[in-house]
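There are 2 protein chains.
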Amino acid sequence: MAIGSRREILGGLGAGIMLAGAGACASATSSRKIGYAIVGLGSYATRQIMPNFAGCDHARLVALVSGTPAKLDQYGAQYGIPATHRYSYADYDRIRDNPDIDAVYVVLPNAMHAEYSIRAAQAGKHVMCEKPMATSVAECEAMIAACRKAGTKLMIGYRSRFEPYNRLAIELARGSHVGPTRFITAEHGFSIQPNQWRLDRPLSGGGSMMDIGIYSLNAARYLTGEEPVEVSAIESTDHSDPRFRTVEDRVSFVLRFPSGIVANCISSYSSGHNGYRVIGTEGWIDMEPATPYAGQAMTIRKDGVTAPRTLAAPAKNQFAGQLDHLAESILNGGTPIVPGEEGLADLRVIEAIYRSAAERVKIRLGA
Amino acid sequence: MAIGSRREILGGLGAGIMLAGAGACASATSSRKIGYAIVGLGSYATRQIMPNFAGCDHARLVALVSGTPAKLDQYGAQYGIPATHRYSYADYDRIRDNPDIDAVYVVLPNAMHAEYSIRAAQAGKHVMCEKPMATSVAECEAMIAACRKAGTKLMIGYRSRFEPYNRLAIELARGSHVGPTRFITAEHGFSIQPNQWRLDRPLSGGGSMMDIGIYSLNAARYLTGEEPVEVSAIESTDHSDPRFRTVEDRVSFVLRFPSGIVANCISSYSSGHNGYRVIGTEGWIDMEPATPYAGQAMTIRKDGVTAPRTLAAPAKNQFAGQLDHLAESILNGGTPIVPGEEGLADLRVIEAIYRSAAERVKIRLGA
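So the sequence lines, in the order shown, correspond to chains A and B. Following this note's numbering, the numbering of the first sequence begins with 1 at its first residue and continues without gaps. Following this note's numbering, the numbering of the second sequence begins with 1 at its first residue and continues without gaps.
For the record, the hints were derived by calculation from the structure and aren't laboratory data. Take these hints with a grain of salt, some might be off.
Covered stretches of chain A, going by a simulated chain B footprint (3 or more residues, C-beta under 8 angstroms) [unchecked claim]:
#	segment
1	127 to 140
2	256 to 267
Using 20 angstroms as the maximum straight-line C-alpha spacing, the simulated DMTMM-like pairs for lysine to aspartate or glutamate come out as follows [claimed, not checked]:
#	chain 1	residue 1	chain 2	residue 2
3	A	Lys-302	B	Asp-93
4	B	Lys-33	B	Asp-57
5	A	Lys-302	A	Glu-115
6	B	Lys-302	A	Glu-288
7	A	Lys-149	A	Glu-115
8	B	Lys-149	B	Asp-57
Idealized CB from N, CA, C, for every residue including glycine.
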């Protein structure tokens, strides 16, 4: 079963193309697996992404890109990637000449996302890029333009969109299961360890907001299906803490949406949070934890009764679902449900959040 | 047992007076009960306050003030209040001549709090005033000045300060039980029924913020023990809803405190909320519900373990505790833990919240 529903996978296309795509689907998706090159062999790539190709129906790992030869050797041997399919960053543009590589997955520090995504597009490869899409709106726009010019797909690694509890929460929230939504609260944070690129602004582009607060922002957007029209943010950072010399610790941000929904959001590098709540006129939908790698828990209050809502374990986990979704979009000619425009939308809000925090004003967005 | 600890009751006094007060306490508090006149016989007064004099050690109901003769008859008969101790608003100033009345409890619509509190002080009576203390900072200051001039006590009806779970939450939060506090979330709201004075700005002074959002604000202040230095607010109100012709529905407000703690707060007249969470560096303290008349529930996450924290039922409920606390302050010469200055502090922030919401700026408070 495809993780993305047909409607979502094909949502960006016209009706005529939808029918053609639907007709071509069964044979196309069963004929071959899309080959991915993983760009950047850090913890997330090696522990979360690479092991999950084993659970994919339409994606396979075919190449590795790293600046560390020992990592290329280690993971190349582990995953059976021949020397011809292992690349240094100096070699990176040569992926153009490797027909086994259909797509790259950019899992580099944030400030390198734009460059390595654009070079992939220029090499004719489809692009999966980890969140945050980039460190600025301008970079996001350049990435979208490069992929459009090259005719390649661009998808952002918003894995929660392929996780069943989050998909159910979206369905329930947008379907007014607890009445029309009035408020959303969304909170993400952890206590960050020192001495890593995430705390080095030239590589990260920012602090907790870029890394973990973006989950709160993205959840507020996907639970409403709307784009905020007003943003206010307050930052609180102890810059004497050696972790926070160049990046922010805590950000509290509030979003107002066109329908009147207000989202109160938290981002933190010094306290633990992982959850959101959708509060409607008749009750609420609570997820805590909401966006871990596994172990989501949902509680619903409706008609005066508070009860857990439990789903059966999915056939495919969120990581495999995400990898397969881009593969299916490539095979079927569809648009990913989290395309570059989705990453751009988050960066637009993040830039407004930073500006509101710095300038002590609330920011109007949109028309 | 006194609900207020000795330290809190006597916190406003010098050490020498504290000793004198402590020595005088046992005999003074056992000698007689403070007589209260209830001003305004609405639902809260008749259902929550008046029945709870039965649980008081130091307070008794001795007089009633109402504009509705039938209510004076009904509740006068029910509580054995003689006709000589029943007053109309026209008669109100005659409480001066009734030595049985030590204190009044003002439970009128918000816009009448200042006038009836000041007139009570001018009649030489101590004052308990329901929250919000008044509808403006200026009114609060006038109330404080009037009570100071008359030499009478002034206390605001913040009942949660006499409720054991909230008292424990304060102790745990300020004592860094889950590490130093980083964030507080506090949410209060309900779906309001139409056609009541709370929805009529001339009587209420404002919408949800004045009535229910003040619980979120007050909790953020009592859980930190600090006064906010920065305030940002976003309002969301559907003024085509007949309930919200003159007052606001939803307010989201964020407070930054001097220690860096940030509080994300919700106030709503169209969705149900009652809770707060204190998030420290090592875990969190969650209360949901936090401020109902009864049934508080606390959950603590610490050292990776999430568990409920249950307290034995108190000997005295929060309503009796509140009534007794002013009585003890009168008998012992102490300052209430929630004096007029506490109500004023909330109104200062509420005015900043309204200004931030209206003017699309963040507001700096304090020095």
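Hints, verified against the model:
| no. | hint | result |
| --- | --- | --- |
| 1 | 127 to 140 | violated (count 0) |
| 2 | 256 to 267 | holds (count 7) |
| 3 | A:Lys-302 with B:Asp-93 | 49 angstroms, violated |
| 4 | B:Lys-33 with B:Asp-57 | 7 angstroms, holds |
| 5 | A:Lys-302 with A:Glu-115 | 48 angstroms, violated |
| 6 | B:Lys-302 with A:Glu-288 | 16 angstroms, holds |
| 7 | A:Lys-149 with A:Glu-115 | 15 angstroms, holds |
| 8 | B:Lys-149 with B:Asp-57 | 29 angstroms, violated |
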